[in-house]
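Listed below, chain by chain, are the residues.
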Amino acid sequence: MITKNQAKKIIDLALAHAKGKADAAEVYVTASDVATSRFANNGMTQNQAPASSSVSVRVLVDGRQARLSTSQMSARAIRQLVDNAVIAAKLLDKDPELLPLYKPTGSAGNGSIVSRFDRKTAAFSPDSRAAAIASMIAVAKAQQLSAAGTFSSGSNAFAIGNSEGLFEFHSETEAESSVTITAADSSGWAKAHNPKVALIDTVGMARRSADKAASSRNPVEIPPGKYTVILEPSAVLDLLGFLWYDFAGTSHLDQLSCFLGKVGQKVLGDNITIRDDAFHLLQAGAPFDGEGLPRTVVTLVENGVIKNLVHGRRSAAKFGVKPTGHGLMEPNPMGEHPVNIVVEGGATRLEDMIAGTDRGLLLTRVWYVREVDPATKIVTGMTRDGTFLVEGGKIKQGVKNLRFNVSLIEMLNNVVALGPSVRAAGEEGFPAVVPAMKVSNFNFASTTRF
Amino acid sequence: MRDITEFAIDVARRAGASYADARVVTQESQALETKDLSVAGVNLGETQGIGIRVLCNGGWGFAATQNLTKRAVEKAARTAVAVAKASATCLDKPVTLAKEPTYNARWVSPHLKDPFAVSLETKIGVLLEAAKIMKAVKGVTVAQGSLTFVKETVFFASSEGSRIEQSFIRSSCGIVAHASGEADRQRRSWPNSAGGQFELAGWEMVEKWDLSGNAQRIAEEAVALLSAPACPQTTTDVILGSSQLGLQIHESCGHPSELDRALGQEINFAGASFLTPDNLNKLKYGSPIVNLVADATAAGALGSFGFDDEGVQSQRVYLVKDGIFCGYLSSRDTSHLVGLDRSGGAMRSESWLRVPIIRMTNISLVPGDAGSLADIIADTEDGILMECNKSWSIDNLRYNFQFSTEIGWEVKGGKLGRMLKNCSYSGITPVFWNSCDAIGGYEDYVEWGLPNCGKGQPMQSMWTGHGAPPARFRNVQVGIAHAR
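So the protein sequences, as listed, match chains B and D. For the first sequence, counting from 1, position 301 maps to 297 in my numbering; every step adds exactly one. To convert, take the position in the second sequence, counting from 1, and add 26; that gives my numbering.
No lab work stands behind these hints: they were computed from the structure. These figures come from a predicted structure and were not determined experimentally. Glycine residues also receive a C-beta, built at the ideal position from the N, C-alpha and C atoms. One or more of the hints may lead you astray.
What the hints assert, rightly or not - A few chain B residues facing chain D, derived, Cβ under 7 Å:
#1 Arg34
#2 Arg63
#3 Thr66
#4 Pro122
#5 Gln140
#6 Ala144
#7 Tyr364
#8 Gly425
To be verified - Okay, derived cross-link-like pairs now, DSS-like style, lysine-lysine, Cα gap no bigger than 25 Å in a straight line:
#9 D:Lys125 to B:Lys314
#10 B:Lys5 to D:Lys96
#11 D:Lys96 to D:Lys158
#12 B:Lys99 to B:Lys5
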């Protein structure tokens, strides 16, 4: 894994070579050393340990810019990269909106992070991953069930520097595991992602998945329609992920956001407060954005009112506000994106949500969620791997999976209970800190055969 | 590249591997984007590395490095073997491979004009010319354009003796016009959504698709959609245009035909399949006129190659013949598990960094005898024509699907009627395909290319092809996505 000193050497080499050739230069170095072991049908199916690094150079030449990248890390290759970037930039038209590079001011955003690098995670071996997987398979086999899933572990590093004196470096570890346990006609699932491998409870996840598979056997078909639903955190995550870019300044400039013209207005329920907080203890990722600006905490929604947008430097300049440290690597037509979402939770435990439901559905996760209507934020998707009918305050039985078409704006106006916020992982977007939610009038359009 | 792959294999064998293969992949790429009348992105990249895959004690291991020195490659090969040994501790049955001849071969993808020889100025000029035309249409809020080009060489060597070198050029072009109203967002894309059209071809494909020539029309359509009536919520006959049908094929035939899914190996993420081995040669997937093939030999189609990423020669395999499910996309370690005597050649990897997994090649609907799109419309009394995908979603066994398209038109008495917005349709895959009663011929057949099929953990993005004519389906539920 690349060290801070190694990354600085590469960046300094590129910047030194760019001096005199380009008006300004920005260099980005990334490295990844994450191994993934996969299993299915109670046995290992794939096991891979790739390692990679890359360097990317953006040059500004007479009002023009171009970005080139390479996986070749030799001094010669990096000098060639800079030369080619300069040549490419000169071939383009001037960009009238091109901003000079970010000049660091010494401010550290409005927060700081504790280390997200864990030595044990970085050193987690193939045999250790195999043992973790074996523990999940053992849970399945003990109940004559079948387990499938993954276990990955490793580390990533990011560094950025520019000709204005910027240099930032961040490295962190990651561990992730997901497990699906299947019976003949039912299944259960769990997933976890954390910078620390010790916090991934594989046996606990396998047991919860096995319990769901066992208790949703012989699923019945229920008619589509509007139901009260209890969404576990992963389901909340994978639904709300389709909302985050609507808080980007560029999405408003492009008139694409569903919140266009609504900043300052109450659009969501009173109990909805959402912020982007890179420093939250349950978050991961670097404390700087794609141009090296320090991330800041931004309240996106407060008690249902759309409060603020996130801005990279370009959209901030157009809005006449300060950038918030959410810019993507330039050049990028999207501009910026919130990446450290925290949805404020409540005190209602999942068991209490179930106990307080006369008739409704408990959803473990959602699947293949896609945006249908960008203005009203209707999304469609399926339930999957543990969908239960709740009646009279108890989980009654498993049900066959259903397709939903829901407006996320309506959904966030129909939240009747919130659980404590936890770090959740799903499949449709990046992990975030979200609660379980109980939602009324959740629209199911059709059913499927299992 | 030959020397380093042979060295990698040699190290792996000496470390205990019973089988090893190595791929050195070099990719050079260009991605150009415009937004309105500005260049929004010029990203040029290149990457090279080696991926080493081994079997040891019956378990799979894979490692990859971009450092092609002997020292680094030796470390990667030994890592692959260590990982394979760890795999073997978690296996009831060892992995075995179906036989495949060995090859000493070179394959080059067809193209007329090297896109890397075309200047950046020319490329940006094509996009900006189209953008000017779109922005000149009143009501267009954002105009986007993109071109991408990839030049890739792959050198594959296996411990069985294969030595295969392949070269590919892939190109894409696309434009999008957005129009925004009070509580409405519409868009139109050309030649297709999701980045446009992607082909195993050179610059000639950009010229062929004539972005400027179609810019005015799609801009006007985007604006017109704002005031168009919405798709009704009803059950009716649906004609799917070629590009939308291409995606339908991808989702409802291509994915369930992946044998790793059917065997439960993808159940944790992508899901399983209703096309289980006990249904092979029995299940009535579609009406008797439906024939679907996986054809890695189709010239110029995005998913074509000479050999897959485990050295199996490209093939044309029927997945559905005369409506009956009859084939799979398979690999050397899965094909024999369902009684196939050979892999169907569908193992593909996104890059040197990732292990090959079963992927689609070109999954295509064989043209029928219903003529052109105009012929099918003329033959339809009451229905809706839908074209150009907007959203797509399907369950994890590939039964229940719902798609929406950018645009639609009423069809009444054999004629196109009003433009419709917010068109969607849904169904259950075998019910839907059994309702197919008209398949167009070659008149409006296109080999569509989709660049970013996602599968695998970690996720890999794969470029796949889908040849499709227009086709008609009876009694389909439409408009459900916006039903409240």
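*Against chain D, run the beta carbon of Gln140 of chain B and see if the smallest gap drops under 7 Å.*
14 Å, violated
_Is the interface hint satisfied for Thr66 of chain B? The criterion is a beta-carbon contact with chain D at less than 7 Å._
Interface hint status for Thr66 of chain B: holds (5 Å vs cutoff 7 Å).
*Interface restraint verdict for Pro122 of chain B against chain D (beta-carbon cut-off 7 Å)*: The hint holds - Pro122 of chain B has a Cβ within 7 Å of chain D, the shortest such distance being about 4 Å.
*Restraint satisfaction for Tyr364 of chain B [CB to CB of chain D, less than 7 Å]*: Holds. Min distance 4 Å.
*Answer holds if the nearest beta-carbon of chain D is closer than 7 Å to that of Arg63 of chain B; otherwise answer violated.*
With Cβ-Cβ at 5 Å, under 7 Å, it holds.
_Hint check: 7 Å Cβ-Cβ cutoff, Ala144 of chain B to chain D_ = For Ala144 of chain B, the interface hint holds, since the closest Cβ of chain D sits about 4 Å away, which is under 7 Å.
*Given the hint that Lys96 of chain D pairs with Lys158 of chain D, test it: the Cα-Cα distance must not exceed 25 Å.*
With a Cα-Cα distance of about 52 Å, the restraint between Lys96 of chain D and Lys158 of chain D is violated, given a limit of 25 Å.
_Restraint check for Lys125 of chain D with Lys314 of chain B, where alpha carbons must lie at most 25 Å apart_ = Given pair Lys125 of chain D, Lys314 of chain B is violated - Cα atoms ~62 Å apart, limit 25 Å.
_Check the hint pairing Lys99 of chain B with Lys5 of chain B against an upper bound of 25 Å on the C-alpha distance._
Distance of about 20 Å is within 25 Å: holds.
*asked:* Quick check on the hint: Gly425 of chain B CB to chain D CB, less than 7 Å?
replied: 12 Å, violated
*Once the shortest beta carbon distance from Arg34 of chain B to chain D is found, is it less than 7 Å?*
6 Å, holds
*Has the given pair, Lys5 of chain B with Lys96 of chain D, been kept, meaning a C-alpha gap of at most 25 Å?*
With a Cα-Cα distance of about 24 Å, the restraint between Lys5 of chain B and Lys96 of chain D holds, given a limit of 25 Å.
Violated hints, in rising order: 5, 8, 9, 11; the structure is consistent with all others.
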